[in-house]
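Build the full structure now, drawing on both the sequences and the hints.
Every letter in the sequence shown is one number past the one before it in numbering that gives the first Met the number 0, and letter 132, counting from 1, is 131.
For the record, the hints were derived by calculation from the structure and aren't laboratory data. Cβ atoms here follow ideal geometry from the backbone N, Cα and C, with glycine treated the same way. There may be inaccurate statements among the hints.
[As the list claims (entries may be wrong)] Pairwise CB distance ranges (calculated):
no. : residue 1 : residue 2 : range
1   : Tyr117    : Glu94     : 20 to 30 Å
2   : Glu90     : Asp40     : 40 to 50 Å
3   : Gly100    : Leu79     : 21 to 31 Å
4   : Glu76     : Tyr117    : 52 to 62 Å
5   : Tyr117    : Leu79     : 20 to 30 Å
6   : Ala32     : Ala72     : 51 to 61 Å
7   : Asn68     : Tyr108    : 17 to 27 Å
8   : Gly114    : Glu66     : 38 to 48 Å
9   : Phe35     : Thr118    : 31 to 41 Å
10  : Tyr108    : Leu34     : 17 to 27 Å
11  : Phe35     : Leu12     : 51 to 61 Å
12  : Ala112    : Ser33     : 54 to 64 Å
13  : Ala112    : Glu76     : 28 to 38 Å
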Amino acid sequence: MALRVPVNLRKNLSVVLYAFQGLSILAVIVGLASLFLLPLDEYSRRTYISENALLPGQVHAYFGGSEQNIVRAFRREVDLLGNSTSDVVAERMAEIFRSAGLKVGKQRYSYKAAGGEYTGENVYAVLHAPRGDATEAIVLCAPWRNIDHLLNEVTEFGFDQYGGTDIQGSDGVEDGFAGDVES
Numbered sequence: 000m001a002l003r004v005p006v007n008l009r010k011n012l013s014v015v016l017y018a019f020q021g022l023s024i025l026a027v028i029v030g031l032a033s034l035f036l037l038p039l040d041e042y043s044r045r046t047y048i049s050e051n052a053l054l055p056g057q058v059h060a061y062f063g064g065s066e067q068n069i070v071r072a073f074r075r076e077v078d079l080l081g082n083s084t085s086d087v088v089a090e091r092m093a094e095i096f097r098s099a100g101l102k103v104g105k106q107r108y109s110y111k112a113a114g115g116e117y118t119g120e121n122v123y124a125v126l127h128a129p130r131g132d133a134t135e136a137i138v139l140c141a142p143w144r145n146i147d148h149l150l151n152e153v154t155e156f157g158f159d160q161y162g163g164t165d166i167q168g169s170d171g172v173e174d175g176f177a178g179d180v181e182s
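Below you can see the structure in the form of structure tokens.
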């Protein structure tokens, strides 16, 4: 009886190993078939893969040469608007954004805080991606006193091919940003 157990185990072991070999081949075939099915709409569940993540070499994060002159011109434009009314500032900012080729919108707001009522107008611009499905956006916000930095970023985004970008500016430091902008 003691000799029968090892002989049965050897026979059963070869059957089990043969079955595992067949199962592993079947698993490889099923895995490859499912890999080829992934691009189909029924299996991808509307998954979006950004081509921007695949192109890290497009990053250009500095100003140089003639771009510095553009930055200085933006600073002068903003300095000239220093103590202008909200409507004048909003209209001039819209002109600057339009001259950069952006789609411009305005949003009036008013709110009460700390015993006072604040009103103003947000100006925003949308820079659409030259290609793609417009599912991406970057929202840049800047207080009015620091608007020249926002204009510099608008210029920088205009030189490179980024995703659709929403840019929003406010007309007062204490106002902050009221409301959301949708592209």
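Results of checking the hints against the structure:
1. As the Cβ distance of Tyr117 to Glu94 is approximately 24 Å, the hint placing it in 20 to 30 Å holds.
2. Against the hinted window of 40 to 50 Å, the Cβ-Cβ separation of Glu90 and Asp40 comes to about 46 Å, which satisfies the hint.
3. Between Gly100 and Leu79 the beta carbons are some 22 Å apart, a value that agrees with the proposed interval 21 to 31 Å.
4. At about 25 Å, the beta-carbon gap between Glu76 and Tyr117 misses the expected band of 52 to 62 Å.
5. At roughly 24 Å, the beta carbons of Tyr117 and Leu79 sit within the given window of 20 to 30 Å.
6. Roughly 60 Å separates the CB atoms of Ala32 and Ala72, a value that falls within the hinted 51 to 61 Å.
7. The beta-carbon spacing between Asn68 and Tyr108, approximately 34 Å, falls outside the hinted interval of 17 to 27 Å.
8. In this structure the supplied range 38 to 48 Å holds for Gly114 paired with Glu66, their Cβ-Cβ distance being about 45 Å.
9. In this structure the supplied range 31 to 41 Å is violated for Phe35 paired with Thr118, their Cβ-Cβ distance being about 59 Å.
10. The given range of 17 to 27 Å is broken by Tyr108 and Leu34, whose C-beta atoms sit roughly 51 Å from each other.
11. For the hinted restraint 51 to 61 Å between Phe35 and Leu12, the CB-CB distance of approximately 35 Å leaves it violated.
12. The hinted range of 54 to 64 Å is satisfied by Ala112 and Ser33, whose Cβ atoms lie roughly 56 Å apart.
13. Roughly 30 Å separates the CB atoms of Ala112 and Glu76, a value that falls within the hinted 28 to 38 Å.
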